[in-house]
Structures are given as C-alpha cells and as structure tokens.
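Novice: Top to bottom, those sequences are chains Y and W. Take 1 as the starting number for the first sequence in the working numbering and just add one per residue. Take 1 as the starting number for the second sequence in the working numbering and just add one per residue.
The set of hints was computed from the structure by calculation and includes no laboratory data. Backbone N, C-alpha and C define an ideal beta-carbon position, used for all residues, glycine too. Incorrect hints may appear among the rest.
[Unchecked claim] Capping the alpha-carbon separation at 25 Å, the derived lysine-lysine pairs in PhoX-like fashion look like this:
id : chain 1 : residue 1 : chain 2 : residue 2
1  : W       : LYS104    : W       : LYS166
2  : W       : LYS427    : Y       : LYS80
3  : W       : LYS427    : Y       : LYS149
4  : W       : LYS174    : W       : LYS51
5  : W       : LYS51     : W       : LYS22
6  : W       : LYS154    : W       : LYS254
7  : W       : LYS427    : Y       : LYS121
8  : W       : LYS62     : W       : LYS22
9  : Y       : LYS123    : Y       : LYS180
10 : W       : LYS174    : W       : LYS196
11 : Y       : LYS213    : Y       : LYS237
12 : W       : LYS412    : Y       : LYS149
[Stated by the list, open to error] Calculated Cβ distances over 10 Å to all of chain W for the following chain Y residues:
id : residue
13 : GLU54
14 : GLU58
15 : SER73
16 : ASN207
17 : GLY226
[To be verified] Among chain W residues calculated to face chain Y with C-beta under 7 Å, some are:
id : residue
18 : TYR41
19 : GLN422
20 : SER423
21 : ARG424
22 : LEU426
23 : ASP429
24 : GLU441
The primary structure of each chain is shown beneath.
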Amino acid sequence: MNQLEIRDLWASIDGETILKGVNLVVPKGEVHALMGPNGAGKSTLGKILAGDPEYVVEKGDILLDGESILELSPDERARKGLFLAFQYPVEVPGVTIANFLRLALQAKLGREVGVAEFWAKVKKALEILDWDESYLSRYLNDGFSGGEKKRNEILQLLVLEPSYAVLDETDSGLDIDALKVVARGVNAMRGSGFGALVITHYQRILNYIQPDKVHVMMDGRIVTSGGPELALELEAKGYEWLRERVKEGA
Amino acid sequence: MSQVDLSAIGEEYKYHFVDEVKPVFVAERGLTRRVIEAISYHKGEPEWMLKFRLRALEIFQKKPMPTWGPDLSGLDLDNLVYYVKPAEVRDAKSWEEVPEEIRKTYERLGIPEAERKVLAGVGAQYDSEMVYHRVREELERQGVIFVAIEEGLKKYEDLFREYFAKVVPPEDNKFAALNSAAWSGGSFVYVPPGVKVELPLQAYFRVNTPEFGQFERTLIIVDEGAEVHYIEGCTAPMYSTESLHTGVIEIVVKRGARSRYTTIQNWSTNMYNLVTQRALVYGDAFHEWLDGNLGSKVTMKYPSSYLLEPGARTEILSIAFAKTGQHQDTGAKIILGAPHTSGTIVSKSISKGEGRASYRGLVKVLEGAKGAKANVECDALLIDPESRTDTYPYIEIEEDTAHVGHEATVSKINDEQIFYLQSRGLKEDEAAALIVRGFIEPIAKELPLEYAVELNRLIELEMEGSVG
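So here's chain Y without its partners, still in its complex pose (with noise of 0.2 Å):
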C-alpha cells in the first residue's frame, strides 16, 4: 500500500473535462516518468494531485500510502507527505526563502525547527544544487529566472523530503548545466522513503534521472506504459506515432 495510486480520475476546469479516467500507481522507492504531447493534461493532474482548487473531480479517487487525500486541502495533503514541483513557481515579494522554507518545514513537521537544524538541512541541500547561501535571503521567486525558480522548487523538495514528489516539467527552459543540477537534487532524494512522479514533454531529463517506469497520457489518459526504453522510442518516433498506434487499438 505504500503507494501513491491514482484510480480512474476524471476532472474538469470551467466545464471542460481534461482528465479522462486517469489510472496510475507511483510505489514508494521509484521514480515514473509521465510524458505525452502538449494539451494531454499532464500538468492538469499534477495541481490536481496537489489539491489546486481551479480544477474540479468529477469521479475516481486519489490515494496515498492506500488512504484518499481527494477531500483533504492542499496543505494537508502537503503535510501528508505530497509534493509538486511547479512548472511556473509562483513570485511572493517580500518573503525571504529562508523565512519561507523555515514555515514550511515547521507546518511539515508540526514543530517548532530550531535555527541550527534548519540550517543544517539548507545547507547540504544548497551543496547539492550548487547553489550559493545569498539566495536565501531572496524574495520568493520575486526576479528569479526561470532556471533560478526551477532551482528552488528542487532546493524546496530536498529540505521538506515529502513521501511523494510531482515535478511538472521541472526540465523546461533549463540549460543543461541547469538540468543536471535539477536531476541530481531528484537523485539525491531517491531511495525506499521516496517516490517521484517526473513529468515532462521531452526524454532528455530521462537521461539524467534514470526512471522506473515510463507512462505516456493522451487527452486526458495513460495511454501506454513501459520500461525506460518506451522514452527513448518516442523520442526517436515523436508522439503522432503513438497517436497512431492507440488509434489502431482503439
């Protein structure tokens, strides 16, 4: 049960249904990878396991660890152990990351987190990102670039070290310095604690962090399922491939 397992979700925002009958299972200790073409809802799913009130659940279920979280609030589910990576991390000027960070760990852990043992943790997580100590006493995200915001949505996972991890096409916009930098903060997490679910539009991440699974979503469902392998076979093929082959099945 220690599972992060997602059964026949449909949903919808403003009456257009996106997610149609989504079924996927993310055990504990490994990493999936969710690609598929622009306009598939993968990202839809990601706010929607992440509890973004925009999106409504018209049917199925969500489950963590073998227990619901489609009624709980965003921060319960984060508390519960869940975490996205956003695709556009949000500007909140005015709030410093580690002001932020220190919030968020406390509402994670449900204490008080003494300075020395915040620091401790920032600190191997900035080693692990290359990151320098200024950026801390940024403004959440306010100016960032887009590589910087990817950044610290990695340096966010590594210090809160949820359960279950949803990186949104955490790839996107990033150099490949940058992209290495992400994948090994995600390496970093990997182990029999941690599950992660890597969306993303291209196989290149993959070569990076290495996944266990791959599924592919065609509007609004996982259409196909394989070893890492069916990345590389998309890449070389493209999805109208894919599209095709469904299409025949169908």
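Fit chain W to the given chain Y structure using the hints.
Specialist: Chain W alone, transformed into the frame defined by chain Y:
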C-alpha cells in the same frame, strides 16, 4: 521582548483594560475660554503661552471642519473632556515615583522593561500629562534634553520659544489650532550639535478617560550634525463613545543632522486620530518619517517634510491597516524648496473587510529648486471584495529641472500565491498572512526589530480565519 504597542486591534485588541486611576482634576466638557484658562493655570504657564492658547482658540472656532477627507460627523467636539490631570506627580524621573495604578498600566504595556533593554530614554503620557520622563545619564551629560513639553517651557523657555509653533502655526489647520489651544503633554527634545543618540527615545501615550481629547505637543530640535530616533506608541481602552487624539509634532533638523520619527499608532477603534506632523529640514540634513497606522476609527495624518536648504533629504514610509469600521486617510507631503533636495515617499496600505485606506499626498517643487528629485510609490493591497482603497496624489512642479516620479499599484491577494504556499504545507490563512507580511516587508525591515516582530504578529492575528 517588549509588549510594545503593536499587537492586536478589534477583537484581539489587548489594551482594552480600563485602568483604576482617579484623576486629580477633570475639566468640564467642551472647549471654552474657561477650560483653557484652567489648563494654563494648572500648568503654571507664563502669560505669553496663555495668550497664544487663546488666540489659537479663536482660530479653531473660526475654521470650518475639513470636508475634503474622511467623515468626521461622529466627532462631537462639544461633548469631549479636554483636560484630565491624572495625578499630582508630574514627569517623574523614576518609575517608583509614578502613582502605582498608572505605573501598573505601563508595566502591563511592557514599557519599563523596554526602557532597560533597548531605549535611550522613555516618556510616558497618561491622559493629559506626562507622568514619566527619563533619558540615560550619559546622554544627559552630553546635553541631550528629553523632558515633558511643560518642563521644556519652564526650564528652557528661550530655546522653547524660538521654535514652538514656528513649524506648525495654529493657522495651519483646524486641528493644529485645536491642539495649540488645548495642548498638554508631549515631549521636548534637544540634541546638541554633533551628539549622536544611538538608541531610540520613546514616548508612550495612553488614554484612559472616555470621551476625552488628548492633545500632545512635541517639539524636537536636532542641532547641526546631531542624530536622533524618536518613537511614539499609542493605545487606549475601548469605550462605546468616541475619543479624540490630536497631536502636533514639530521637528527642526539642522544642517547635516539626521533624525527619524517613528509612530506606531494602535489606538482603539473608537478614536479619531487627527495629527499634524511636520519637519523643517536644513542643508544636507536627512529626516525620516516612519508612520504605522493600525488602530483608530478615523486617522488623518500626512507627515510632511519641508526641505529648505540645498542637499536636504527626506524619506517618508507609511503603513496603514484598515479593517471594517476604520478609515485610514494617510499619506505624506514633501516640499522641495532648495536646489538638489530629494525625497521619497513609500506608502503601503492594507484594507480588510469593509476597511478603507486612502493615500493622500503632496509633492511640491518650488521654483529655483534646481535638480530636485522626488519619488512616490504607493501600493494598496485589498484582502476582501468589499475592501476599499483610494489614491489622491497631488504633484505641483514649478521648476523645470526637477524630476518627480509617481507609481501606484493596487493588488489583491492572488489565488495562485495562496495555492503555491499551501502546497508547501502552510494553512490558507497562514499563507495569506505571509503574503501580507511580504507586502509590507520593505517598510517593516526599517523598524527596530522588536517592532517588526510585533507587527508581523499583529498581521498574523488579523489574518486568522480571514480567508476561505
């Protein structure tokens, strides 16, 4: 740290407690010649001051109520008590000399503790009179004066008379006239040339009598090359009827001096807070107003800096927080009257519930003020759909070489920000409070640490259960 004055208002207002103090003299209601004569008599004033007061009374009676700003119709000036003398002891030099019941109030507010830890001097006013004033000995030895304004008039009459009502004359506005007629309490501060007062001086104003008007008058002279930071904090218990606080603050910042005046106003929400604050800033001197308006029913307050000689600079930072039932009409004025003067206004307001926050400001560049520069930034944050904000910026430029910039923004708490912070484990109201804290951070970081902490705590309290 100190329980300084910044915490909650409204439901959480923690200064509601009414003190068990029996005043030794209470004036009859209304402002009459007889009341003024009584005030002057009780203070043992020189003849010229009584004449000044009576002249101000005439001006007050002639001037109409201002109608360009907030609604003042709930203010019944004839029903107020204009002078309450809380005790015979005045301006004690040690807390032991302060009558016990009054001392207890200040202990409850954390003032003596703050004095020991982080302040260079403390003044405490209770209703109409200063009951305590003390400045650290080493400063006294350097010639720093920090006494009740009445003491200032008695002991340093020549110095006092040279500046008193020269910065804000009674003709300035109706409430300046009212204060000039009825003034009582406040501080007299003089910092000799070159003396730098490192820790802040703090004055603490407490109103205890219902339907009462407090009219403190503060005069601060910062001589050439000197430095000082003065803080005032204000609280009152909540009565069902309105009270009035009308202060006049006059500051003279001489050549090369630096001064900062910080107000953290947290009056209870039945208070009309109508204050005139003005600084005259001379060559290469710098004056800063830091103005926090959290409490009161109506606030009208526009700290102003007159930059009179070349190189004079000023910065005016203000935060206003308006909840349901409150109208914070605040802002700033800068008059650039000499070449190469410069000024900045940063105003941040937060409106919650049906609260209304207005920015009202003036930047005026006089002809001949070559190369003068001024910049105004006012940002408003609205928490609820029914919250309100308005901006009344006035800019008058008579000098071609001047640069004046103005920027105004209105924002709402953004759902995406809330979701983002929530997705990291913060509850919805914690997320909203964090966004508000971030909004005022550029000003809060200028506050002494203990005030910044209190301010953040207040905002958390205010934001609890406010969304969702």
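Novice: Are the hints correct? Go through all of them and say.
Specialist: Outcome of the hint check:
Note on W:LYS104 and W:LYS166: the hinted pairing is violated, with a Cα-Cα distance of about 37 Å set against a maximum of 25 Å. Pair hint W:LYS427 plus Y:LYS80 holds up; C-alpha atoms about 13 Å apart against a cutoff of 25 Å. Distance restraint check for W:LYS427 and Y:LYS149: the Cα-Cα separation of roughly 22 Å lies within the 25 Å cut-off, and the hinted pair is therefore satisfied. Proposed proximity of W:LYS174 and W:LYS51 is supported: the alpha carbons are some 18 Å apart, at most 25 Å.
The suggested pairing of W:LYS51 with W:LYS22 is violated, with an alpha-carbon distance near 30 Å, which exceeds 25 Å. Taking the CA atoms of W:LYS154 and W:LYS254, the gap is near 24 Å; set against the 25 Å cutoff, the hint holds. Pair hint W:LYS427 plus Y:LYS121 holds up; C-alpha atoms about 23 Å apart against a cutoff of 25 Å. Distance hint between W:LYS62 and W:LYS22 is unfulfilled; the C-alpha atoms sit about 35 Å from each other, more than 25 Å.
Taken as a hint, the Y:LYS123 and Y:LYS180 pair is honoured in the structure, with Cα atoms around 19 Å apart against an allowance of 25 Å. This hinted pair does not check out: W:LYS174 and W:LYS196 have alpha carbons roughly 36 Å apart, beyond 25 Å. About 19 Å separates the Cα atoms of Y:LYS213 and Y:LYS237, which keeps this hinted pair within 25 Å; it holds. Distance check on the hinted pair: W:LYS412 and Y:LYS149 sit about 23 Å apart at the alpha-carbon level, within 25 Å; holds.
Not every CB of chain W lies more than 10 Å from the CB of Y:GLU54, the least distance being 8 Å, so the non-interface label is violated. The Cβ of Y:GLU58 lies farther than 10 Å from every Cβ of chain W, with a closest approach of about 20 Å, so its non-interface assignment holds. Its beta-carbon lying about 7 Å from the closest one in chain W, Y:SER73 breaks the requirement of being farther than 10 Å from that chain. Y:ASN207, annotated as away from the interface, keeps every beta carbon of chain W farther than 10 Å; the closest lies near 28 Å.
Distance check for Y:GLY226 against chain W: the nearest CB is about 30 Å away, which clears 10 Å, and the non-interface claim stands. Below 7 Å, beta-carbon pairs count as interface contacts, and W:TYR41 has none with chain Y, the closest being about 52 Å; its hint is therefore violated. Interface restraint check for W:GLN422: the shortest CB-CB distance to chain Y comes to about 4 Å, inside 7 Å, so the restraint holds. Given the 7 Å rule on beta carbons, the hint for W:SER423 holds: about 5 Å separates it from the nearest Cβ of chain Y.
Given hint, W:ARG424 at the interface with chain Y, holds; its Cβ is 4 Å from that chain's nearest Cβ, closer than 7 Å. Because the beta carbon of W:LEU426 sits about 5 Å from the nearest beta carbon in chain Y, less than 7 Å, this interface hint is met. Violation of the interface hint for W:ASP429 is found here, the shortest Cβ-Cβ separation to chain Y being roughly 10 Å, above the 7 Å cut-off. With 7 Å as the threshold, the beta carbon of W:GLU441 comes within range of chain Y, its nearest partner Cβ sitting at about 3 Å, so the hint holds.
In summary, the numbered hints that this structure violates are 1, 5, 8, 10, 13, 15, 18, 23.
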